[in-house]
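Line order of the protein sequences matches chains A and B.
FYI, in the working numbering the residues of the first sequence are 5 to 407.
FYI, in the working numbering the residues of the second sequence are 5 to 407.
Any given hint could be a false lead.
No copy labels: a pair is met if it fits in one copy or bridges any two.
[To be verified] DSS-like mimics (lysine-lysine), calculated; alpha carbons at most 27 Å apart, straight line:
| hint | residue 1 | residue 2 |
| --- | --- | --- |
| 1 | K59 | K36 |
| 2 | K59 | K34 |
| 3 | K353 | K22 |
| 4 | K22 | K371 |
| 5 | K36 | K340 |
| 6 | K22 | K36 |
| 7 | K36 | K353 |
| 8 | K59 | K353 |
Derived by calculation from the structure, the hints in this document are not laboratory data.
All figures in this text were calculated on a predicted structure; none of them were measured in a lab.
Number of protein chains: 2
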Amino acid sequence: MAVNAPHLAPALAVPGFKVGTASCGVKSAKLKGRRQDVTLIVSDVPCHAAGVFTKNLFRAACVRRGEQTLLDHAENIRAIVANAGNANAGLGDMETVWAGQLIETGANAADVDVNQTLSASTGVIGTPFPIERIADGMHEASENLTANNWEAAADAIRTTDTFAKWSSKKAGDYTITGVTKGSGMIHPNMATMLAFIATDAPLTSEQLRPMLQRVANRSFNCISVDGDTSTNDTLYLLSSGIGLGHAQLNDTTEFEQALTRVCIELAQLIVRDGEGVSKFVEINVTGAMNEADARTVGRAIAVSPLVKTAFAGSDANWGRILSAVGNSGVAIDTGKITLSADDVLMFEKGNLHSGYSDADGMAVFRKDEFSLHIDLGMGDQSSTVWTGDLTHEYITINAEYRT
Amino acid sequence: MAVNAPHLAPALAVPGFKVGTASCGVKSAKLKGRRQDVTLIVSDVPCHAAGVFTKNLFRAACVRRGEQTLLDHAENIRAIVANAGNANAGLGDMETVWAGQLIETGANAADVDVNQTLSASTGVIGTPFPIERIADGMHEASENLTANNWEAAADAIRTTDTFAKWSSKKAGDYTITGVTKGSGMIHPNMATMLAFIATDAPLTSEQLRPMLQRVANRSFNCISVDGDTSTNDTLYLLSSGIGLGHAQLNDTTEFEQALTRVCIELAQLIVRDGEGVSKFVEINVTGAMNEADARTVGRAIAVSPLVKTAFAGSDANWGRILSAVGNSGVAIDTGKITLSADDVLMFEKGNLHSGYSDADGMAVFRKDEFSLHIDLGMGDQSSTVWTGDLTHEYITINAEYRT
Chain A
5 MAVNAPHLAP ALAVPGFKVG TASCGVKSAK LKGRRQDVTL IVSDVPCHAA GVFTKNLFRA
65 ACVRRGEQTL LDHAENIRAI VANAGNANAG LGDMETVWAG QLIETGANAA DVDVNQTLSA
125 STGVIGTPFP IERIADGMHE ASENLTANNW EAAADAIRTT DTFAKWSSKK AGDYTITGVT
185 KGSGMIHPNM ATMLAFIATD APLTSEQLRP MLQRVANRSF NCISVDGDTS TNDTLYLLSS
245 GIGLGHAQLN DTTEFEQALT RVCIELAQLI VRDGEGVSKF VEINVTGAMN EADARTVGRA
305 IAVSPLVKTA FAGSDANWGR ILSAVGNSGV AIDTGKITLS ADDVLMFEKG NLHSGYSDAD
365 GMAVFRKDEF SLHIDLGMGD QSSTVWTGDL THEYITINAE YRT
Chain B
5 MAVNAPHLAP ALAVPGFKVG TASCGVKSAK LKGRRQDVTL IVSDVPCHAA GVFTKNLFRA
65 ACVRRGEQTL LDHAENIRAI VANAGNANAG LGDMETVWAG QLIETGANAA DVDVNQTLSA
125 STGVIGTPFP IERIADGMHE ASENLTANNW EAAADAIRTT DTFAKWSSKK AGDYTITGVT
185 KGSGMIHPNM ATMLAFIATD APLTSEQLRP MLQRVANRSF NCISVDGDTS TNDTLYLLSS
245 GIGLGHAQLN DTTEFEQALT RVCIELAQLI VRDGEGVSKF VEINVTGAMN EADARTVGRA
305 IAVSPLVKTA FAGSDANWGR ILSAVGNSGV AIDTGKITLS ADDVLMFEKG NLHSGYSDAD
365 GMAVFRKDEF SLHIDLGMGD QSSTVWTGDL THEYITINAE YRT
């Protein structure tokens, strides 16, 4: 029941990159040929690259390996190999072995070095990783590598996602294309958010690294379906521009703006496809002392079961929203806080707004898409967070899968 | 649908204390006479007292006032006045006025000073506080003050609680009796946990204050229905012993143990009566570097929607539990973690236990009451947390109230 899933403009090819997918039956040999589940993204030239990973301390082997590869070889990356259907997580010592074999088979198929290869896995955890089937799949994917295959990649990395998610933007002459997957707590054991972004803008890994963290903080880190962070969350950004012989881009402003738009679009698509989500809510927090405070307040609202069930019930329950603000851990002055929903002013500087009527609030909360605006009255920094509601369908998906 | 609500042993009278209740129709004048909603707890002698309050920064006026009174007059408290049906919260400037009037009318009814009086309110927020009806109720409650009325108080402080909650223990010759209320996110706007405890053990406020915080950390702070903290949460402890002329108790060990048992019993009753809760789960965390770490890990498991929906679905989903441990913020070594459910070993020092079978795990998770044991393998400190599951009924209660 995706909320207002938009019709996506075609994904743009990115100079230097080719993409291939295959169906090898990762989750079950019987599924071979039924759905794409292996993805190979290969660059003709060495890329500069950056990554952002889950903060969960139970990190899958592919995350640990990817982080190490970027520490050692961020200016010489050629490929991303990914599979859906098995997260290769919770498997102890074998997990590390299989993660290495995934990279080896992918690198062989792409004809690049293992040190030039990043990987990502998503799907069930605690199930032995079917490396032989995946090796076959990698080989098959390498045989259909083409420049215009990004939408296939967006499809092949899906698990329970109900639609494929991609976004492309131009930054001047350069192209940015990203694909992502994630819809909350993924079937049946674990949530994973994956996003792979390619560009031909000539940026070095030293430029990409801090930029990607900033952009992630304003996009993927600003969404919440259920407040849980998975063991496998991975965001990779690869740039072929330097390898293609372009002079390094020094003014990165336009590029960062375009990259931010790509990542916000991808992040919003995840919320729209969130498990059981029937409403899409934007939470604008302004008047904070700093951006991190604003984001913390927004996320506290976005993860509160109190608030999310109120969204589900179309209940303009301003008390729950204020209580979530008070619980965020950010130092606030309750007498300075102002809250509105769309253009309906509810609470003004510590008091219920005299002109507010429950009917006006309900009219906003009944919509399937609306925004909240919280002004903390403390400073001039802001953040925007996107979230959905908490519904019966969410419980059904996550409680009743095995029953 | 309370989980295994136990038959409670009778509440014991506490020397020095009398309790009265009344029905004044706090929530609606039409409810007058239908259910008790005003409580007066009065001591014959000045009590030493301590309190623990919500950490939510949106704190109701009664919380702010109670904290101030305890700062100034903790060795001379005579009364607690409480009402259910209206939280007197989210009302801006009038909230402070009404909180003062509640104390004034309660103090008048009890014939004590306003500075000797603590108050607590619970119920709907954002609705004008019906101080005239409450004043009548206080007067009526003062006319039926008796020593054996604690069970009536436990009844009168309820909002959506499905049963009244109390506990009494002896500590040597002394008596401890406590009442509490709370069942998650209280109808319709706000969760509130209230607990009032009386004893005749001769302890000073200097002794009571740190002890009550320690005990709260091992009882009320170890439960979670939904991870939200209300604006009105209040725990009061009053001791009449010094005022009754007893010599100060110097060895407080036995008393603190009995107080801990009272508070754990009361806290567990709240979980058993949690909104929509169909399972009661104890989470034992051992092997931590310190008790706070252990509690943080336990609470991270207890609030995870992933974990709580798995409980609801009787799904022995060990991956979700480990992921919650990894998200707790506590520094852990994943290779040292061991997890079992009741006597079924699931995960051992970073690997799925070789003898574990899904059928064995499911047999535990199908029970309506079971325990998890997580050994972090880092140190020798521990904590125990109690929680319930996240069910369709929870969504129904909290999403669909007004629809």
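Quick rundown of the hints versus the structure:
no. : hint         : result
1   : K59 <-> K36  : neither (33 Å within a copy, 53 Å between copies)
2   : K59 <-> K34  : neither (35 Å within a copy, 53 Å between copies)
3   : K353 <-> K22 : neither (54 Å within a copy, 42 Å between copies)
4   : K22 <-> K371 : neither (41 Å within a copy, 52 Å between copies)
5   : K36 <-> K340 : neither (59 Å within a copy, 37 Å between copies)
6   : K22 <-> K36  : within (23 Å within a copy, 74 Å between copies)
7   : K36 <-> K353 : neither (59 Å within a copy, 35 Å between copies)
8   : K59 <-> K353 : between (36 Å within a copy, 21 Å between copies)
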